[in-house]
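Colleague: Next come the chains, spelled out residue by residue.
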Amino acid sequence: MATLGPSHYSPYPVAVYENILPPPPGKALLFTEVVDEEVAMREAAKAMLTRENPTIFPGPQVIYAWNEEAKEKARLIRELAEVLEAKIIPMVDYRPKYPKIDPEKEINPNHPNLTIWHNNIKACIFVGVHCHYANVALKIIRAETDCFTIALCSNAGHEDAMITLRDQHAEELKKFIEIAKEVKKEVK
Amino acid sequence: MSINIFKINEDLKEFIPQEVIDLEEKATWGNPKRGVMDLPYAKELLEEHSLCAGCPESMAFRYILASLPNPEDTIIVNSTGCTSLVFPHIALHTVHSLFGNQNAVATGIKRTLEWRFPDKVKDVIVLAGDGATVDIGLDCTLQSFFRQEKITTICFDNEVYANTGGQESGTTVQGHVFKMAPKGKQWPKVQMWQLAIDSGCHYVVRMSVSSPKKVEQVVKKAIYVAREVGPTYLHFYTPCILEIGLNSDDGLMEMRDKDKERFKFFEYVSPQAEEVIAKKKEEGLL
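Residue numbers (the working numbering), protein chains in the order written: chain G, 1 to 188; chain W, 1001 to 1286.
Bear in mind the hints are in silico, worked out from the structure with no lab data behind them.
Since the structure is predicted, the reported quantities are computational estimates derived from the model, not experimental observations.
Glycine included, each C-beta is placed from N, C-alpha and C at the ideal position.
There's no promise every hint is true.
Just so you have them, the derived chain W footprint on chain G, three or more residues with Cβ under 8 Å [what the hints assert, rightly or not]:
id	segment
1	89-95
2	113-125
Estimated spans, in silico, between C-beta atoms of each pair [to be verified]:
id	chain 1	residue 1	chain 2	residue 2	range
3	W	ASN1031	G	ASN110	49 to 57 Å
4	W	ASP1250	G	LYS100	49 to 57 Å
5	G	LYS105	W	PHE1265	20 to 28 Å
6	W	PHE1265	G	ALA143	52 to 60 Å
7	G	THR32	W	LEU1098	37 to 45 Å
8	W	ASN1247	G	ASN110	29 to 37 Å
9	W	ASN1031	G	GLU68	23 to 31 Å
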């Protein structure tokens, strides 16, 4: 069961019941605290660089080449994974996996904890996952695992992640990669 | 929405499971001539399903999904029943409605798509069981026919509420006994295909799914007519082998038997629908 984050996160009540709301535009959320985006990026990079088996979970919005930004984001995610020395395990779609999921190859929002348990992932980044499924998956991960969750959201963010960065597009990803490079020099 | 939603970004491709790569590379997208003959070679939109072994409904699913002329721009609306266990596995957009209101939901989707994408062809198909179509959803089904909504309605008729243990439905044959209908059905089977004709459907078929090529033909005709003229209705016999006490390999023979009886092939085509079908035949699409 979860040991990270304030009590009563796991599994219910969810963060919003504790008056933790998504960050305002231009800001980020670090656990329960609203902070500057750069501060959150540094903490996110630090978590990914210091915890076991860091993994990036790209969702359908960046996996598929449905527009130019998605192509650019996919390239940047690959670069980010190299900087953070993180694995990439995709969330290719939201269909329930039948007869069972292969947790080494993919993650599914309906039971994301299986992939995290199987690979002993202690820090992860959600990017390109549609918000309604990210909300479900992040709650399950918080409830069932000790994984440090980071949400790079292109909309309003996810209060159930431990670090939430909102309005994240290609430019912000580039900034995150630069910050990750700096943090890497400090911690390695 | 475009066909690009099935193309995987090259930068991430090496991390993607093979079955998803197959959906991009080996499935038949963008080809209106796709059909059941592609089944042995192409990646299916439904690879694994959660129905019983040998379920005729799973055969119907395979044939219908292989026959859609425009899968990348097709939305399927389904309802409660065995079918709703399958839809989450399908590699298409599907919407699960409340029990019985599938045609009302499909109406809203179709109208919105016409407004949102006026220059694109978007097919909306309702796939539901006999309980959802003929009993609980009869009102919504017929009302959509009355309003001449341009949607295709497909009913999987297994002549019983099989998913919940065997209650009689409107399409149960008079006299048939089921676990939850021990006295046998007291009234005749509802002739839903006839109701569809009387309610304004332009293309109506009653048949079993024992013949894949025939299923392909009627599905394509129904979709083309619905696009240009108005509502179409397909009534398929997909028996529940468990509820009628058959083995897994008996489903096909059961359907073939009924091909000669109450599910003998019946087709109604309105004059406007005939024009569309003739045009599509000229174009080589049928």
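Colleague: It remains to establish, for every hint, whether it holds in the given structure.
Modeller: Checked hints:
no.: 1; hint: 89-95; in the structure: holds (count 5)
no.: 2; hint: 113-125; in the structure: violated (count 0)
no.: 3; hint: W/ASN1031 / G/ASN110: 49 to 57 Å; in the structure: violated, 32 Å
no.: 4; hint: W/ASP1250 / G/LYS100: 49 to 57 Å; in the structure: violated, 29 Å
no.: 5; hint: G/LYS105 / W/PHE1265: 20 to 28 Å; in the structure: violated, 45 Å
no.: 6; hint: W/PHE1265 / G/ALA143: 52 to 60 Å; in the structure: holds, 54 Å
no.: 7; hint: G/THR32 / W/LEU1098: 37 to 45 Å; in the structure: holds, 38 Å
no.: 8; hint: W/ASN1247 / G/ASN110: 29 to 37 Å; in the structure: holds, 33 Å
no.: 9; hint: W/ASN1031 / G/GLU68: 23 to 31 Å; in the structure: holds, 26 Å
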